[in-house]
Structures are given as structure tokens and as C-alpha cells.
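Chemist: If you want the building blocks of each chain, they are given just below.
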Amino acid sequence: MASATRAPSSVAVFRALSDPTRRAILDGLRTGRRPVGEIAARFPVSRPAISRHLRVLRRARLVLEERQGRVRWYALNAEPLRDVDRWLGEYRQFWTARLASLKRFVEAGA
Amino acid sequence: MRSVAASDAIVLDIEIAAHPSRVFTALTDPVQLAAWWSLDQEPVAWELDLRIGGKWRAVGRDASCGEWVLSGEILELDPPRALAYSWSEHSSSKTLEGTIVRYELTPVGSGTRLRLTHSEFRGAMAARQEYQGGWPGICRRLVAHLGGA
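Same order as they appear, the protein sequences are chains X and P. When we follow numbering that gives the first Met the number 0, the leftmost residue of the first sequence carries the number 0, and every step to the right adds one. When we follow numbering that gives the first Met the number 0, the leftmost residue of the second sequence carries the number 0, and every step to the right adds one.
Heads up, a few of these hints could be off.
Unchecked claim - So these bits of chain P aren't anywhere near chain X, every CB distance computed over 12 Å:
no.: 1; residue: Asp-7
no.: 2; residue: Ala-17
no.: 3; residue: Thr-24
no.: 4; residue: Leu-26
no.: 5; residue: Glu-46
no.: 6; residue: Trp-55
no.: 7; residue: Val-68
no.: 8; residue: Glu-75
no.: 9; residue: Asp-77
no.: 10; residue: Pro-78
no.: 11; residue: Leu-113
no.: 12; residue: Gly-122
no.: 13; residue: Ala-123
Unchecked claim - Sample of chain X residues at the chain P side, in silico, Cβ under 10 Å:
no.: 14; residue: Val-44
no.: 15; residue: Val-55
no.: 16; residue: Trp-72
no.: 17; residue: Arg-103
Hints were generated in silico from the structure; no laboratory data involved. We put the beta carbon where it would ideally sit given N, CA and C, even for glycine.
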């Protein structure tokens, strides 16, 4: 599957996941939703930088934002990861992966 | 690589830039099998009694599935043109018995076209899906872990 044929949302998801800080933010949300201040406190980068990361994650729909009074809460939304998982699955296919490995092995020794 | 949808068989073709005899050896020599079969550095131990009716067995483990054992009996042996054996799988996540794996090697120029056919799932569609789609379980575990499924 070529990336050119992907829906824009998949591009946004892959782009969002390409940054280690954003992946760490997602990891931190696995155990439940958190207020933005608490998320920011965990990282040695500025609050505006964290806000930018959260915006990227929000556009990819990997996090959902909820406002309560003046506090913004973020929750993990794992659904878009299915696209990533489907894509990875193509590299995990049992026979396809083994035949490719056989080809590499035989051609390297031929 | 091309996938052909048959009734219940998985059929894959691949072209390899090496003579069929070289490919056949890689499919039947336990030392060479151990070298290419594993995809993740985890060792896989192969034993193969290379004659019609001879038993074969491969034992390995992977992080998500624990130990697995593949085993069966040689059904067809026609070097370097064809090899077929029965294929059973026993692992913590499932048991699959009596499927058949066949390799057919056709010379193409100085190389080989290898056709793999994995058949006789006889209604074990979940297992068929797993061989078509990947080693079992990893995907569902990932999504479940992240709170999706």
C-alpha cells in the first residue's frame, strides 16, 4: 500500500506518531485522561510546545479534548491506530514475510 | 509477490534470483532453515527427516505467543521441483492440525519461481486468516493494550 493512496487522516496519524514527545504523551494517557497542566509538567519543553504537540495529536484524532471550566483535559483515542496496525500487518504476514526472508537468504548466498 | 485467492488455500508466488537446486536446499536443510526462518533473531530449531513419510519439526518462541511447535510429515519430495509436507501448529494460543504446505519450484531463466500453497484448512478460517494476515494475536493485543478494542 503506497502512502500516496492513504486517506489524509492516515497521513495525520503517521505524522503525529513520528515525534517521540507525542508518542510519550500518548503513553502517558494510557492509564486515563489528564489535565493539560499535568501533561506539560512531565516534559522538559515549554508549555506552548506541548500545546502544539497536543494540537497535532488532536487533528489526528489520537487524543480527544474536553473542557471543564478553564481546564482542558486530554484523553487517548486509540481508534486511528487501527490504520497503523493494518499497515504494519502487511509486514507481519506469515508466509509473505518468510518467503521474503528466504529470497534474501538465497540471493545473498547464490 | 502476488497473492491468488483460491477456495481455502493461501497461494503465493515469488521470484528468486538463484537456481532451483539452491532454493530447494534452503527449504530442506535444517541449518539453512534455521538461518532464514526466524524473522526476529529468536532461534528456531529445525529437524527434518528428508524422505517420504519422514517427520519434520520446528520449535521456536516469540515474545507475544510464547513457544510454538510446527510439525508434520513429508508427503512429496521431488528435488528440485516440489516439496510438500503436512503442517500442524501447537502454541499457547492455538492448535491447528492437518493442513498441507507445498512448494513448487519452476526455473525461470537462471532463477526460480517459487509457488507456495498452504491448503486444507477445512473450515479453520480463523487459522487461515492468521497465516494470511500474520502470526496470531499481536495486533489485537496492541490495540487492546492501548484501550481501543
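Chemist: Now tell me, hint by hint, if it's right for this structure.
Modeler: Hints and how they fare:
| no. | hint | result |
| --- | --- | --- |
| 1 | Asp-7 | 15 Å, holds |
| 2 | Ala-17 | 4 Å, violated |
| 3 | Thr-24 | 9 Å, violated |
| 4 | Leu-26 | 7 Å, violated |
| 5 | Glu-46 | 18 Å, holds |
| 6 | Trp-55 | 15 Å, holds |
| 7 | Val-68 | 15 Å, holds |
| 8 | Glu-75 | 18 Å, holds |
| 9 | Asp-77 | 19 Å, holds |
| 10 | Pro-78 | 15 Å, holds |
| 11 | Leu-113 | 7 Å, violated |
| 12 | Gly-122 | 19 Å, holds |
| 13 | Ala-123 | 14 Å, holds |
| 14 | Val-44 | 23 Å, violated |
| 15 | Val-55 | 18 Å, violated |
| 16 | Trp-72 | 16 Å, violated |
| 17 | Arg-103 | 7 Å, holds |
Taken one by one, the earlier hints fail for this structure at numbers 2, 3, 4, 11, 14, 15 and 16, listed in ascending order.
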